[in-house]
Every structure is written in structure tokens, then in C-alpha cells.
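Student: Fit chains P, Z, F, A, S and R to the known structure of chain C by using the hints.
Protein chains in written order, with the UniProt record's numbering: chain C, 1 to 240; chain P, 1 to 240; chain Z, 1 to 240; chain F, 1 to 240; chain A, 1 to 240; chain S, 1 to 240; chain R, 1 to 240.
There may be inaccurate statements among the hints.
[Said to hold, decoys possible] In the DSSO-like style, the derived pairs of lysine-lysine whose C-alpha atoms are separated by at most 27 Å in a straight line are:
1) P:K174 / Z:K203
2) C:K166 / C:K212
3) C:K221 / C:K189
4) Z:K61 / P:K174
5) S:K48 / F:K166
6) Z:K174 / F:K189
7) Z:K166 / F:K48
8) A:K166 / C:K48
9) F:K189 / F:K221
10) S:K203 / F:K166
11) S:K49 / S:K233
12) S:K212 / S:K180
13) A:K221 / R:K180
14) C:K48 / C:K189
15) R:K61 / R:K166
16) C:K166 / P:K61
17) Z:K203 / P:K166
18) R:K166 / A:K203
19) P:K221 / P:K49
20) S:K240 / S:K212
21) C:K48 / C:K166
22) R:K221 / S:K174
23) A:K61 / R:K166
24) Z:K180 / Z:K233
25) C:K49 / A:K166
26) F:K61 / Z:K174
27) S:K235 / S:K49
28) R:K166 / S:K174
29) P:K240 / P:K61
30) R:K174 / A:K203
31) Z:K240 / Z:K61
32) S:K61 / S:K240
33) P:K166 / Z:K189
34) S:K61 / F:K166
[Unchecked claim] Restraint-style ranges between C-beta atoms, simulated for each label pair:
35) P:D179 / Z:N122: 50 to 60 Å
36) P:Q118 / R:V99: 50 to 60 Å
37) C:K235 / A:L97: 28 to 38 Å
38) Z:H185 / P:S213: 45 to 55 Å
39) A:R125 / Z:D100: 21 to 31 Å
40) R:K166 / A:E236: 53 to 63 Å
Hints were generated in silico from the structure; no laboratory data involved. Please read these numbers as outputs of a predicted model, since none were measured by experiment. Glycine included, C-beta positions come from ideal geometry on N, C-alpha and C.
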Amino acid sequence: MASYDRAITVFSPDGQLLQVQYAQEAVRRGSAVVGVRGANCVVLAVEKKMVPQLQVDRTEKKIVILDDHIAMGFAGVRADARVLVSRAQIECQSYRLTVDDAVTIDYISRYIAGIMQQHTQNNGRRPFGVSYIIGGFDSDGPHIFQTEPSGTYYEWKACCTGRGEKTVREYLEKNYSADKVSSEHDTIKLAVRSLMEVQYGEKELEVAVLRKSAPLSILTKEAVNSYMADSQKEKEEAQK
Amino acid sequence: MASYDRAITVFSPDGQLLQVQYAQEAVRRGSAVVGVRGANCVVLAVEKKMVPQLQVDRTEKKIVILDDHIAMGFAGVRADARVLVSRAQIECQSYRLTVDDAVTIDYISRYIAGIMQQHTQNNGRRPFGVSYIIGGFDSDGPHIFQTEPSGTYYEWKACCTGRGEKTVREYLEKNYSADKVSSEHDTIKLAVRSLMEVQYGEKELEVAVLRKSAPLSILTKEAVNSYMADSQKEKEEAQK
Amino acid sequence: MASYDRAITVFSPDGQLLQVQYAQEAVRRGSAVVGVRGANCVVLAVEKKMVPQLQVDRTEKKIVILDDHIAMGFAGVRADARVLVSRAQIECQSYRLTVDDAVTIDYISRYIAGIMQQHTQNNGRRPFGVSYIIGGFDSDGPHIFQTEPSGTYYEWKACCTGRGEKTVREYLEKNYSADKVSSEHDTIKLAVRSLMEVQYGEKELEVAVLRKSAPLSILTKEAVNSYMADSQKEKEEAQK
Amino acid sequence: MASYDRAITVFSPDGQLLQVQYAQEAVRRGSAVVGVRGANCVVLAVEKKMVPQLQVDRTEKKIVILDDHIAMGFAGVRADARVLVSRAQIECQSYRLTVDDAVTIDYISRYIAGIMQQHTQNNGRRPFGVSYIIGGFDSDGPHIFQTEPSGTYYEWKACCTGRGEKTVREYLEKNYSADKVSSEHDTIKLAVRSLMEVQYGEKELEVAVLRKSAPLSILTKEAVNSYMADSQKEKEEAQK
Amino acid sequence: MASYDRAITVFSPDGQLLQVQYAQEAVRRGSAVVGVRGANCVVLAVEKKMVPQLQVDRTEKKIVILDDHIAMGFAGVRADARVLVSRAQIECQSYRLTVDDAVTIDYISRYIAGIMQQHTQNNGRRPFGVSYIIGGFDSDGPHIFQTEPSGTYYEWKACCTGRGEKTVREYLEKNYSADKVSSEHDTIKLAVRSLMEVQYGEKELEVAVLRKSAPLSILTKEAVNSYMADSQKEKEEAQK
Amino acid sequence: MASYDRAITVFSPDGQLLQVQYAQEAVRRGSAVVGVRGANCVVLAVEKKMVPQLQVDRTEKKIVILDDHIAMGFAGVRADARVLVSRAQIECQSYRLTVDDAVTIDYISRYIAGIMQQHTQNNGRRPFGVSYIIGGFDSDGPHIFQTEPSGTYYEWKACCTGRGEKTVREYLEKNYSADKVSSEHDTIKLAVRSLMEVQYGEKELEVAVLRKSAPLSILTKEAVNSYMADSQKEKEEAQK
Amino acid sequence: MASYDRAITVFSPDGQLLQVQYAQEAVRRGSAVVGVRGANCVVLAVEKKMVPQLQVDRTEKKIVILDDHIAMGFAGVRADARVLVSRAQIECQSYRLTVDDAVTIDYISRYIAGIMQQHTQNNGRRPFGVSYIIGGFDSDGPHIFQTEPSGTYYEWKACCTGRGEKTVREYLEKNYSADKVSSEHDTIKLAVRSLMEVQYGEKELEVAVLRKSAPLSILTKEAVNSYMADSQKEKEEAQK
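Extracted from the complex, chain C is given alone in its bound form (with noise of 0.2 Å):
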């Protein structure tokens, strides 16, 4: 099957664009990424590779601001996300400026996803190997999305991508209701307990919520310490 994989632009005798598998599988290799959206909130939890111990981490954020009332996290090629969050964000200053009025989610992961499938489709360009997740809030209530590098995307009450993505997802769906995210802390709680289902030594997570009419707002250190010290807890609880 060799083959086929090495043009972006043909399909496989099965009817496959491995080019785009592939790109997947760089997403796969990415740092786990957690969006829940709590009934009056949106949380992404991200978990953030080992930061080498001199790096600053201001610019390891992988939680960018697209505009004041949507984040996205992202898991896959950093050097990619880049470029489309840039996009995303010009294309959200330009459309308030068009429309005055502010873009909805399904509106900027539809644009997102768009270049996405376009270069899937087009010669000499590889597929971007990033998958976002993008919540925020628009004028009824807060949603979250997922684009992949197919250049689908997907609305979700909770979704994840990046290293773990199943052993995570797993871990959402048994334990996501609209019980568990009533409260902003129980939704917070749930993002960061999902997180944790994906084990390796110690653990450093980046914690981003979104309010009705609010900036984003980052949790601090201890915060979500303290978030991930409650969810070992719970965890070794339930193991018991």
C-alpha cells in the first residue's frame, strides 16, 4: 500500500487518504487536550509536555485567546497550530469589523476546518497535522467544537484529542451528565480528573474557563493542584 501515501491528492484502492491518517497520527503523538462545557462555563484542560526546566512558559501556552469570547487548545505539530490560529484570529477581528458583531464558534471551527479539508484536497500542500478544540460562548449559551486534520469538525458537551485520546474519551462518557457540570467547579474537576486517566509521572496541566461575558481566565498553579490533587485522590478511591 506503500504506494499511495506519498501524494496528499489520491485516494487508496480502499477508498483512503493516508496523507490524512498520518497527519492524524501526528495529532495522536500531541499532548492531551480536554474541552468540557459546563452548563455556565466552557473548560479546556491541557496537559503540558515536560517543559524543559529553563523554558519559560509563557510561550509553551498550547491555550491561545481567538477573541474575547473563545479559547482552543490544540494537540498535534505546534508549528502549524500557529498558523491557523493566526488565520482564525484575523478572520475574527475582520468579521466583527464586516458584521459588527462577533463570530459564533460554529462559524470560526467551520472556518478553521475549511482550510483544514483545503489542504487535503489540493497539490503541493501537506494536510496540517494539529486538531483543535475551540469552546467559547456565543449568544445562547457556551459551546465547544473539535476540527481535525481532515477537515471535519464536530460539536461536543466534552471532547479530547492528542496522546490518550480514547482512554480519556472512555473516561468522559461514563462519567459526563449534566449533574457533574452545574457548577463551575465540578466542571472544572471533571476536565482535569478526565486528564488524569492518561498516567505518566508527574504531571503539569494548563487550565483555561470561559464566562458568559468574561475574559478567559487562566487558573493558577496552585488551583489546578489542587484540582489534580482531589482527582488523584478520587482516582485511587475508585481503584480501591
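Tutor: Showing chains P, Z, F, A, S and R alone in chain C's frame:
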């Protein structure tokens, strides 16, 4: 034969365009879609792929509206599908502005198929891995068309594409008759029943009905379930 | 010889353009088409491929009108065929506007063949996998032309292309004479009879007749069936 | 040596352009063409390939008029030939308009050869698989030129190309003399007789004569047959 | 895996961009570069490759000034490095003219990384085989960033790239602390000492210091040698 | 080494441009050309390839005039040669119009060589398979230059290219001296005699003489034959 | 490793650009060039390849003038060299017109190296197979730079390139000192002597001297021979 299928612009020695056939394979991997033309309605029914538990239904829609009087279901590469949906929607609007009339189902199907053909003949592009069933009302009544990755399109009384296409088509051919689609209820029943032919575990369907000079109506889950239950019963009886 | 046929722009060591030959193969896989020039008419007859039961005949048409006085049948890749049909129709209109006269059958055939040739010499495009039989009335009477994927075109008294081309042509060569096409009825009979040579199960034909200064007339199913029955009888008698 | 002939733009290690040679092979597969320069005329004679019985002769013409005083025969890929014929005809008209004089045979031959050379040096195009014999009258009398796929062109007293080129040329070299072409009749006879050297079954020839300040005259079938009969007799006598 | 690394635009089956990794290899072959952020200064130290005896030092500079307040060292393909240096210098000037303010270190690092990313996704270009350490003063104090061939960039307290990167980084991680970089002297010492970890024969270093609102100062050879002697002594003592 | 010669733009591991060498091979297959600079003249002599018996000499010319004072002979691919001849002739005229002076032999040689070099470095084009000997008079006397497929050019007192180049050059080197080219007659003799070194059957030569401020003069056949006879005699005597 | 060197735009797995290395090999095959910076002069000396006996020296020049104050020698592909010489000469003039000052040696070297780098990173072009030694006078005295196919450039006190580069460089390193280049005579001697290190049969050298505010002076053959004789003597004595 391996060497003929790597570039989309060449024929194999027996006169085949293999890339187009592989794209058709991508369609065959998609979920099943059925379109049935009733006496006074057009029914589109789509088998929904096992929506992940936490996904929001809304973005999983496989039936989209092109214009007030035209809806469309598809099977195949989801992100490819969206590209043509956008272009078709724009064409519908643009046609309305230019000609001051609505497009016919035939016109918009030909338009979509034309773009699909271009992608089978120009270098540097792969074919679209998607097949559409397009239904709507022209001034002379209901119509259903189907397009394929090769860029061909046909009009049908009832048609299907995607997973299990052969089985569903055989059912439709045996059971479609003017009688059976004289009422809207029977038309829906036929569409739903035909999709029941392709069995796998629990099934979820999305069913849309177009009536003359009325907006597209998507059946409620309850309605769909009721039709499915009826169909199931009927099927079991038939098997006895 | 494998290595010479992957790119359309190269000759094989024995001076062949293999891609053009493979495109011809695609024509040979198409349904049979016959064109017969009568004394006062042009008859085009096309074998219809087993139309699926629920398909609406209308879009399965293999005979299309280019201009008031010109019709055209084709064999080969259906979606390719449509591209050239559109361009030829536009050329007919545009010619009328510019020259204030109708195109001749020769002119429009050369026009179509020219585009086909370009696709055999310019890189990045594959040849058209289609062959046309173009019939119509010029001021000097009826004409029939045929184009091929290589971009050649010829005028014929009677010709055929597609499946079983050799058999049908042999029949026509044995049976065509000025006498046999003196009346419209006999001309149609010859066209239908020649297609009966290529037997496979039940057959459906589409037959079109062009008369001087009259719109294209498509025979009714009953008329066609009657001609077919006659032909069948004649054939059986001949075989005795 | 296989690897040097797939792209037209490269030399083989022994300094050959293989694609050009293969195109020459396509010429060699074409029907035989002869041009003979008489004292007061130019004769072009072309062996017509077995015209299918029902084909209309007119489009099978292998001798075309470029301008009032120039005609041209060709061997090789028919559809390629037409492309250059069109461009040469336009150049003839355009030259007349610009310079207010007719092109010389040398000029238009160089023009055609120039386009043919470009197709041997620019990437993405294959050479033309065609060779022309161009005859006509300049102010200083009759001229015959020949062009080849490589883009070379030469002037000849008598020349031939296509099938059996070597045999025909040898005949011409043995038999051409100022005496033998002093009258138009003898010039035609020489041209026809030389083509009789390449025997295969029944033969059909197309013969054209250009005289000073007179339109091209195509011999009637009877005239050609008469010349052929004479030639045949002569040949048989010679063989005794 | 060989087949995935020849074109820069494709992913390997495990989601890697091999060309980017090979470019990183080119960086690893370059000379070692260190950047250390002090309390009040930024120190860049570069190991100079054995300058040929007769070469004039001046052009062997591995530390270049982008703007009054920003300097940059690099490891990897020298000629590639120069291309981005020029573009970055122009951007610095252009930014000043447009915004009437100096670029931030973050801004210019992102700018450089952006160009580098483009070279990993667009066909027909190879990635840049170079990694930069960019240091300077923003209004909020000193900053050091590093860019990589993939187009990623990070901020660091102290970082290194090129030959022996791992060894140097480990030294820096063990020895960097706020204390150790409180004075300019100590900061320089740490930078020089860390480069001493990668031993090979006699070594020559180039050391540059950026202070707030002061032009870049390049240490004299004597000064560097003195720091190196101290470092050497310290190292030997440590080894005892 | 096979893999380095298929694309013109790459070096082989030992630093060679193989396509250029193969083009040189095409030159070596061409007929021999000699240029000799006399005291008051420039002589170009070309071995004419066995002109087919019926070919008209005129188009077989291997010596062409670029400008009143410059002539040029060539060896190699004839159709390639013509392309550069045209461009050089145009440049000569254009230079005259712009600068109001004639081009120097050096200038036009550099011009031709420049185009030839471009064809060795830009993708999508093959080198020219031709070598020119360019002779003429500048204000300071006669000059002879030679260009090669690589795009190099040199000035010579006497030079040769094409078939048997080595043999002819050795003869020239042994026999060229200021004495031997003091008169026009001796210069012609030397040129003709040197070509006699490359023996094959009967030979035909084309000899052109350029004198200061006089048009190019082509020797008559008789004159050439006389020189050839003398040379032959001399050669035979020398061999005794 | 074969597969990494066919396209110029890719890295090999160990981070090398093989095409650039092969171009360097082309330089190594060129004749030796030496540049020595004296106290008050710049000396360029080039080993002339065995000039064919009848070639006119003038076009074999390996030392060219870029501007009044800058000269340049080169090793490698001659036709490539000329391309950059032309562009550099134009840049010198253009700079003078724009800035109203002469270019510095550094500026024009960077300019040339910049073009060379572009040819190592953009697809569809091969690197330049040439290395330059550029010498001249800036306001601050004499300078010598060297450029390489990779696009790197350095300033030197004395440098060499081409055949036997290593041997010559070693000689220069052992013998260059401020004393030995204090006078013009000694500087020339050093340059000539160093080239004598690479022995092969009889040798011919071209030596050029640049003095402050004086035109380039090319040594006469006699002068060069005298220097060579002295060097030879010195060398023989040294060997005793």
C-alpha cells in the same frame, strides 16, 4: 495495475480512471443515505453513524438545505462534502439574484456534478470522495438526483448511496410503486424501511421531508423511532 | 512497455500515444451508438445501458441537442461527455451571435475534436474518454461526423462507436445502400437493426430523428419497440 | 536506455533525443506521401489509408490548402497534423495582411518547423508526431519542403515521407530527372509511379497539382486510376 | 521508511515530518550556541568553529544584531541563517517605521519562526537548516527565545542549540539559578562555563552582552580568555 | 551513476552536469566545422553531410549570416541551431538600432553562450545540442569564437567542432602559423586541408570567406573542389 | 544515500544538502585560484588550464573586473561563473547610481553569495558550481573575500580555491605573515609561489594586482615567468 492509479489524470490500459473508482470506494464506506420521491413530497433518510455519546447532534447532520426548496444528503468524506455544499448554496443564491428565479433540482445537480468532473480531469487535484442525493421541488413537482465522484448525475424515483447501497437499492426496487408513495406517511415508511435492510446493532436515522412550498421538516426523534419500530415489526413479520 | 503510458505527453518507442489508446478503450466500454444518414434525415440510435429500475429516464439520455439542427450521441465516460457537450452548445450559440448563421456539422465537429486533441498534447490533462457521433442538417443536406479521443474526426454515411463497434460496423457496411435509406422509415430500421447485432438480454434503445428545418424528434418507446420487433423478426429469418 | 526516453527534455548519453525519434516512428506508421517538383508544377500524391466503406471521403483528405499558392500533405498523427495546419493557415493570412504579400514556401515551412522544434525543447509538451510535405509557387517558381518532428526542414526536388519512405525515395532518386518532370503529365506519373513501389492490396491515391497562379487542382478518381493503371503496367514490364 | 522523507510536504505513517527532522540534524552539526538571561543583561556565547588561520574573523561572526536592542546567535547552515537574518533586520526597521516603536523579542521570534514553518508546509522548498537563539530587552526586561527548523519557538531563561546541545543544556539546568545570574559577570561566567562542557582541543568563543538601553557589547578576546581560564579551573576542581 | 543524468538541474557526485555532456555528444555526432582566422580574412568550412540526391542544397546550408560582418557555422542538432540563429540575428539588428553600431564578434558570442547557459541551469529545459563557430570582422580585425552546450565560449585563431574534432584540431595545431594564413588562398587551403583529415568516402564541403567590409562570399563548388583536389594531393604526398 | 541527492531541496538524514556538496566538487575540479592581501595591494593569481594552442588567450581570462576597485577570480563551471559576474557588475553600477558611492568588497560578496544561497533552497534550480575569490580596496584598505556554492562567504588574508586547494592553503598558512606581504613584490611572490605547490607539467599563471585608486594591472607574461622562475628556484632549494 498498481502504476495507473497514482495519478488522477491517466487511464489504465483497460480504459478505467482508477482514482475515481477509489473515491467511489470512499463513498461506499460512508453511511447509507436514501432518497424517495413521493407523490407530494421528497423524503431523505440518512443512517447516522454511531454518534459518539458526548457529541452534539447538530453538527453531525447529514442532511443540509441548499435552498428553500432543495435539501441534500451525502455519503463519503465529510469534509469534502462540505466544500461542495457551500459552493452549491452560493450558486443557489447567486442564481436567484441573476435570474430572479429559483434553481431547478436538475440545474444544481448538474452544477455540483460539473465541479466533481473537473476534479477527475485536471492534474493536481483528487476527485471528491462523496456522493450526494439531492431532493427538492421544481414547479413541475418533486425530484431526486444523485451525483457520483466521477461527475455523473442521474434522476431517480428512489435511490440510495453509501454503505450497503446494493441491499438497500434491491429493497427499493422490489417495493417502490406509485401506490406505496401516494401518501407522505407511506413515503417516509418506505425510506425508513429500506434503510432497515442494512442491519447493524442499534440504529439511528435522520429523516427529512420536503413538501411543496414548505420549509424542510426534520422528523423528531420520536417520529423516526416510531417509523423504525413499525419497520422493524414489518420486517420481522416478513421474515416469518 | 509499461513505462510509456503513465504520462500523456510521451510517445512509446513504436510511435504510439498509449494514453489515447486507453481512452479509446474507455469508449469501447461505453454503450453502442449508431448514426445513419438517410436521404432526408439523420438517425441516431443509442443502446441504453440497463437503466436501474427506479432511475428516471430523462437524465439517462445519450442523445443531446447541440443546436436546432444538430444532435449528438456518445459512447464512453459520461461525465467527460457532458463537459464537451456544454462547450459545444455554447460555441453554437456564440457562432450564431457572431456570424449570424448556424454552425455547420463539420465546424462543430472540428471544434470538439480540437479540444480533444489539446488534451492529448498538453501536460497535466488526460484525454477525454469519449467518442461522439454528431448528426445534423447543413444547407446542403444531412451529415454525420464522428470524433475520437485522439482528436481525429471523420464524416460518415453511417457509423457506430462504443460496445461491439466492429460487429455493428460490419453489419452497416454490408447493408447500407442509398436504397435502404431512401425513406425515413428504412433509415430508422437500418439503425435499429444494426444495433440488434450486439445482443445481450433485453435491450432498450433510444432513437432520434433529425429532419430538415424541424426540431429533433425522439421516437416513442412504442415506436422503438415496434422497430425492434421488426428487426428481431428479420434477424431470425436471416439466421434460418 | 529506457530511462532517457520518458521525458522529452533530456538527452540520452549518446546525444539523442529519443522522444523525437519515437515521434518520427509515428510518422513512419502514417500513410505514404510524395511531393514532386515539376518544371511548371508541383505534384503532391498521398496514399489513402483503407477508407472505411461508409466514411465520407471529404474528411479523409490528406492534402490541405494553406494559401492560394501552397498545399500540404502529411504523414503521422492526424489530429496533431490539424493543429499545425490551422496555425499555418492563420499565419498565411496574417502575413498577407501585415506584409501585403504572400508567404514564401520557405517562410511557412520554417514557421511550421519552428513550432515543431519548440515542442522538442520545452517541458510539458510532447513533439508533434507528424511530418509535412509542403509545395507551392513562389515568384521564382515551384518549391517543395519537408518538415520533421525534430523541427528540421529541407527543400527537395522530390521527396516522400510516411510508410515505406525508404523504398519510395530510392525509386525517386533513380528516376527523377529534369526530363521526367518537364511536363505536368510526366510529373504526376512519376509521383504516382513512385507510390506504387509500396505495394499492399488495392490502393487508393489522392493526387493534387499546383500550377502557377492557378488554384489547387485535385485529380478526379478516374484520372488517378488511369495514372495508376499506367504505372502498374510500367511496373510489370520493368519486372519482366 | 525511506520513501517518506524525500518530499517535504508529506507525513510519514507515524505522523512525522522527516525533512524537518533532518534539518534539525543540520542544526546539531553546527557549532554550540548558548543564551543566558541575567538579572540585568542577556548573554549570548558561541563556540567558534576552528577558524582557518588566514580567515579574517569579522565575517565568521555567529552573533548578529537585529536591532539596537536585539542580538541573535545561530547554529546550522550558515547561508540559510543569513537569509532569515536579513529578513528579520528589515522587519525590525519596517516595524519601527510603521508602529513607531521597537519590536519585542517575542514578535521578531514569532516572525522568524513563521517563515520557517512556511518552509515545512509549502511544496518546492526545503526547511531552513538553522536554529536561532534570540536575545534582547523589551520594556519589561531581558528575554531569550529559540526557534527551530520546524517553525516552533520558545522563550527560555537559558538555552542552547547546536553541537552537544544535550550536554550543555544539562549543565545549565543543574547550575542556572536566579543567584547565579544576578550580576553580569556571573551570567557571562555561566554561559562560558556551560560551553566548556563540550570539550574539543583548543576552543574559541565569541561572547556578546546586551544591557538595557545600551548597544551590544562584544567581549574582547582577552576578556573571553579570562572567563574561559576561570571556567577551566572551576571545571577541573569540580572533577577532583 | 544513471540516476544523476535524468534531470538537467543536478550535479553528479563528482561535480558533473551530465546532461550538458550528453548534449556535447550530440555535437560530436554533427558534421565537422572548421574556422580559420587569416591575416585579412575569416574562413569557415563545413563538411556537408551526404545530402540526399534530390534535396535542394540551399536549405542544407550549415553556414549562416548573422550580420553583414558575421557568419556562423554549427555542428549538432539542426533544429536547435536554428532557434539560436534567429535570436542572434534579431539581437544583431536590435543592437544596431539601439547603439547605432554593429555588434562585436565577442558580444554576439557571449549573447549566444548566455542563452545556452540558461538552458543548463533552469528546470524544465534541456541544453541546446549544438556548438557554433562564429567568425567576423570587428574594427580591430578578424575574430573567431566558439560556443559550447555548457554555455562557455572562447576565441580561437583556428578551431573546429563536430565529428572528428580531435583529429582536425591536431592537424590545425601542427599546421597553423601566421605564415600559413597570410594570404586568403592559404587560409582557405588550411581550412579545407584540415577537414580532409576526417576521411569518409566522397566528401562535400561548404566554404565561406569573410573579408573586411565585404559581404560574405561562399566559394563555388568548382573552387571548393579545386582546393579539395590540392589538399588531397598534398595529403597523399605527405603520406609517402 | 543515493535517494537524497537527486533533488536540491531536501536534506539527507544526517542533515546534509548533497547537491551543494556536489557543486563544491565541481569547484574542486576547477583550476587553482589564489588571493593574497598585501599591505598596500591585493594580488589574485590563477592557474590557467592548458590553453589549447590555437585559442586566443583573451577569452580564457579567469580574472575579471567587477568595478574600478574590485577584481575577482573563480574556480568551477565557467559558464555558471559568467552569469554571476554579469549580475555583480550590474549591481556595482546600479549601486553607484543609487547611493553615489562604490560598493564595498563585503557588500558585493554578500550580494553574490545571496544569489548562490537562493539556488540551494528554491526548487527547480541547481546550485552554482563555482567559487569566487573577490579582492579589492575599500576606503579602509584592501580586502579579500571568498564565496562558495552553499552561499557562504568569508573574508581572508589569503585564500585559495579549486584544484589542490588543501595543499595551497597549507602553504599559505605556513608562509603568510605581515612581513611577507609588506611589499607588492613579496605579495605577488607569495601568491605565485603558493600556486607552484600544485605541480603539473608546465604551468601558466595569470596574475593581477590591485593597488589603491589605481586600475587593475595584469602582469605581463614575462613578469609572471620571472616570478615563477624565482619560485621554482626557491622551491628546489627548500626541497634540498
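Student: Determine whether the Cβ-Cβ distance between P:Q118 and R:V99 falls within the hinted range of 50 to 60 Å.
Tutor: 52 Å, holds
Student: For C:K166 and P:K61, compute the direct alpha-carbon distance and say whether it is at most 27 Å.
Tutor: Measuring from Cα to Cα gives roughly 23 Å; hence the hint holds.
Student: Given the proposed pairing of R:K174 with A:K203, does the C-alpha separation stay at or below 27 Å?
Tutor: 21 Å, holds
Student: Take the C-alpha atoms of S:K61 and F:K166, compute the straight-line distance between them, and say whether it is at most 27 Å.
Tutor: 23 Å, holds
Student: Taking the Cβ atom of R:K166 and the Cβ atom of A:E236, is their distance within the range 53 to 63 Å?
Tutor: 36 Å, violated
Student: Please verify whether P:K221 and P:K49 have alpha carbons no more than 27 Å apart.
Tutor: Measuring from Cα to Cα gives roughly 15 Å; hence the hint holds.
Student: Could you tell me whether the CB distance from Z:H185 to P:S213 stays inside 45 to 55 Å?
Tutor: 47 Å, holds
Student: Do the alpha carbons of S:K212 and S:K180 lie within 27 Å of each other, as the hint requires?
Tutor: 19 Å, holds
Student: Check the hint pairing F:K61 with Z:K174 against an upper bound of 27 Å on the C-alpha distance.
Tutor: 24 Å, holds
Student: May I ask you to test the hint 28 to 38 Å on the CB atoms belonging to C:K235 and A:L97?
Tutor: At 57 Å between Cβs, range violated.
Student: Taken at face value, is the distance from the CA of S:K174 to the CA of R:K166 at most 27 Å?
Tutor: 37 Å, violated
Student: Are the Cα atoms of A:K61 and R:K166 separated by 27 Å or less?
Tutor: Holds, because 23 Å separates the two Cα atoms, which is no more than 27 Å.
Going down the numbered hints, you'll see the structure goes against 2, 6, 20, 28, 29, 31, 32, 33, 37, 39, 40, while the others check out.
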